[in-house]
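Top to bottom, those sequences are chains A and B. In this text, residue positions in the first sequence follow this note's numbering: the first is 2, and each later residue adds one. In this text, residue positions in the second sequence follow this note's numbering: the first is 613, and each later residue adds one.
Just so you know, these hints were derived from the structure itself, not from any lab. Heads up, a few of these hints could be off.
[Stated by the list, open to error] Simulated crosslink set (DSS-like; lysine-lysine; CA at most 27 Å straight-line):
| # | chain 1 | residue 1 | chain 2 | residue 2 |
| --- | --- | --- | --- | --- |
| 1 | B | K787 | B | K766 |
| 2 | B | K787 | A | K60 |
| 3 | B | K638 | A | K184 |
| 4 | B | K766 | A | K471 |
| 5 | A | K60 | A | K507 |
| 6 | B | K827 | A | K507 |
In this text, all values refer to a predicted model and were calculated from it rather than measured experimentally.
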Amino acid sequence: MTISKVLACAALAASFSRAQMLDPALLGKPAVDAWPTYNGDYSGRRFSTLDQINQGNVKHLTLSWVFRVKPGAHISTIVGGEGPMPAEGAPPDPDMSRIKSTPLMVNGVLYFSTPDNAWAVDARSGTQIWHFFWKTKGGIHIGNRGMGMYGNWLYFETPDNYLVSLDAQTGKERWHKQVADVKQQYFSTPAPIIVGNHVLVGTGGDSLDVPGFLEARDPETGDVQWKWWSEPLKKGDPGSETWPDEYSMRHGGGMTWIPGTYDPELHLYYLGIGNPNPVLTGRSRQGENLWTCSIVALNVDTGKLVWYFQPSPHDTHDWDAVQTPILIDGEFQGKPRKLLAQANRNGYFFLLDRTNGEHLLTAPMIETMNWSEGLNKNGQPIPNPKKEATVDGVLVSPPTWGATNWPPPSFSPKTGLFYVGVVEAYSLFYLTDTDPHPEGYGAAERDAGFISGRLIAIDYQTGKIRWQHKYPWGGGAVGMLSTASNLLFTGDPSGHFLAVDATDGKILWHAGLADDIGNGPETYLLDGQQYVLVAAGDTLYSFTLEQ
Amino acid sequence: MPSKSLSIPLCALLTLAHIHAQEAPKYDAASVQRGKEFFVSHCGFCHGVNAKGGEKGPDLLRSVLVLDDENGSSLGPFLAHGRPDKGMPAFTLTPEQVTDIANFLHRAIYAAADRDTYQVHNIVTGNAQAGEKYFQAHCASCHSPTGDLKGIGKKYDPENLQDNFVMPRPEEHGKPLLTISVTTADGKTVQGVPEHFDDFSVALRDSAGNYYSFKRTTPETPRIEIHNPLQAHYDLLARYTDTDIHNLTAYLVTLK
Chain A
2 MTISKVLACA
12 ALAASFSRAQ
22 MLDPALLGKP
32 AVDAWPTYNG
42 DYSGRRFSTL
52 DQINQGNVKH
62 LTLSWVFRVK
72 PGAHISTIVG
82 GEGPMPAEGA
92 PPDPDMSRIK
102 STPLMVNGVL
112 YFSTPDNAWA
122 VDARSGTQIW
132 HFFWKTKGGI
142 HIGNRGMGMY
152 GNWLYFETPD
162 NYLVSLDAQT
172 GKERWHKQVA
182 DVKQQYFSTP
192 APIIVGNHVL
202 VGTGGDSLDV
212 PGFLEARDPE
222 TGDVQWKWWS
232 EPLKKGDPGS
242 ETWPDEYSMR
252 HGGGMTWIPG
262 TYDPELHLYY
272 LGIGNPNPVL
282 TGRSRQGENL
292 WTCSIVALNV
302 DTGKLVWYFQ
312 PSPHDTHDWD
322 AVQTPILIDG
332 EFQGKPRKLL
342 AQANRNGYFF
352 LLDRTNGEHL
362 LTAPMIETMN
372 WSEGLNKNGQ
382 PIPNPKKEAT
392 VDGVLVSPPT
402 WGATNWPPPS
412 FSPKTGLFYV
422 GVVEAYSLFY
432 LTDTDPHPEG
442 YGAAERDAGF
452 ISGRLIAIDY
462 QTGKIRWQHK
472 YPWGGGAVGM
482 LSTASNLLFT
492 GDPSGHFLAV
502 DATDGKILWH
512 AGLADDIGNG
522 PETYLLDGQQ
532 YVLVAAGDTL
542 YSFTLEQ
Chain B
613 MPSKSLSIPL
623 CALLTLAHIH
633 AQEAPKYDAA
643 SVQRGKEFFV
653 SHCGFCHGVN
663 AKGGEKGPDL
673 LRSVLVLDDE
683 NGSSLGPFLA
693 HGRPDKGMPA
703 FTLTPEQVTD
713 IANFLHRAIY
723 AAADRDTYQV
733 HNIVTGNAQA
743 GEKYFQAHCA
753 SCHSPTGDLK
763 GIGKKYDPEN
773 LQDNFVMPRP
783 EEHGKPLLTI
793 SVTTADGKTV
803 QGVPEHFDDF
813 SVALRDSAGN
823 YYSFKRTTPE
833 TPRIEIHNPL
843 QAHYDLLARY
853 TDTDIHNLTA
863 YLVTLK
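Isolated chain A (complex conformation):
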């Protein structure tokens, strides 16, 4: 380390005198005594090196505390936002009470959000430190994935598309910046990801036909540093050959719903992109529709596209590719590689070389899948055009909600296994908008049969399912956490929080919660003791070993 770097570090350390400060060095390595970003670290593995809780003592896991959210404006609530104040006594939108975010844990404090709400909670006791409420102008309130942190500043997004920055110490607002227009049916769900001095901000909304994007914003001012559109902007631009015309690409969807992952050595941010629009009919957008339903690698300093791989070319079933692209450093065919793996909503598992996007492997995760005619030479599934919605209906598996969905999967470098919840089901797809220029979804879906829900462990080197656990009743996409002691934490469809043997799927411990788990579980060391934290419904549950 050079002297100037040492001095810079000392200055940084001095500026971190307040207890809540986040040391940015934490973001690049596996979480131990913190959970400083959505996935715990940049890799997206949701793997912890902690092993205090192990297969031998996990049965002694016990409830430390619970914290139940009370969203809305209360006496001690800090209120922001540009919308009207909700009428007194009006019940809060139930979606504000569903915790889907993975809380940050920094210096003993948990920070998490639901639509329009953010909290700081003492990780030792579950005591509320502050609560922030955002008066909304509207937007769909389906969920919020959580917050990002830079030094003492917190960032979260709102359903009416503001990026809001709060002081972590007090919960007071520093500023808010509009990211997208709620009137155009954008609504924002992602947790901002902080890389260097970039706050990476995505958006969502596919009810009407608007284009998606990712922005990098300045952590101090909130100003835009760069903006990457998920479709080419004009004819002749790279990717425009996959759209019939400028009009279709400018209305082509491609939302950035879920946070991505980052390789600090390659300087690349990996992001899964949402489905094209109109969603369920492709008549007005013939072609592959880049970069919808793609995994893209962006230079984090410039926002320039470096490579892409498209798991669902010309999607017509709402199978966005936003599922966490997990970064794996491991062997493939006997050679160490920098890899990227994704369990995709379309039913396939993909393995890529993350330095250049080279396709390495495609493997089916479910048996009912009936939409693909096989793989092309690039390893992409070939959509069967007969399985696109028709007026009289077509039977498709998986349904729009996919073989899996946004809840975070996990990869353990100890077992070499990728853990994900999958579902086998069918839907009928009916074309409803027969206009040559359909809009919105353009087709209706009717559930047509639920076959099974399973927890599967995929060998990343072969794509083969090493073990699986089929639930007797229901099941599907659900959050995962793996640890160095070969434990896998997840939830079943009957409201149980589970600790599973990561090597064979045997259930080692379970606790019944008041609801199905709704986020990705996390773990951290606090005062030398390992905790496991999970959300179910409107409540956070903190578990630790009996002392």
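Let chain A serve as the given structure and place chain B on it in line with the hints.
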């Protein structure tokens, strides 16, 4: 085996994945109708009668000006001037006419954006004779066109008929989807409708309304048997072609 009647887990899953529609805005139907009539006669030539755009005028359901408008507050001043450089004339309108046009356009935008309100068209496209043949080969061991399915084409509209044979929904008629029997280690068997079933316990209610629950000490103990009368429907999901489904629908609608 699990299915849609196992509503708790499935609903939980859907809330993960499905976008909820916002509360439906209310538009005065008469105003929407007046707006539509004005629009068709004055604007449809350029913008298309459904406002989705025509040869000269843009799609107004994707127009940022229209999307950002509230109750005509932006549309009114815009229409008063038009866009002469692009051939869009000015209109002299009463405030009520502006409101009517705004209501028509916002209602149309809402209809495009809210997929829960999409209407399925006429789906009877299949060959009834081929459908009857399929029925005889695959359905007739359980069902009869003159027995349990007599008049089925009158009872349901074609869409519901198709949805219901692809996946019947007995729970919507207050009937259990399936029953289970649980046999304990000492050989006692209880049969009924499952109330709960996971890796740790199983519970059911018998025909007298009594509730029983059992700890599952191993996956095999107690022994649990599932009786799913719809199993044949589940099995067909992987075997149907879409043409089979359409032909069957065309046949079943003839059973008046």
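Each hint, compared with the structure:
1. B/K787 to B/K766: With a Cα-Cα distance of about 21 Å, the restraint between B/K787 and B/K766 holds, given a limit of 27 Å.
2. B/K787 to A/K60: violated (40 Å)
3. B/K638 to A/K184: holds (16 Å)
4. B/K766 to A/K471: Roughly 40 Å between the alpha carbons, so the hint for B/K766 and A/K471 is violated.
5. A/K60 to A/K507: Holds, at about 13 Å.
6. B/K827 to A/K507: With Cα atoms ~17 Å apart, B/K827 and A/K507 stay inside 27 Å; holds.
The structure fails to meet hints 2, 4 from the earlier list, while all remaining hints are met.
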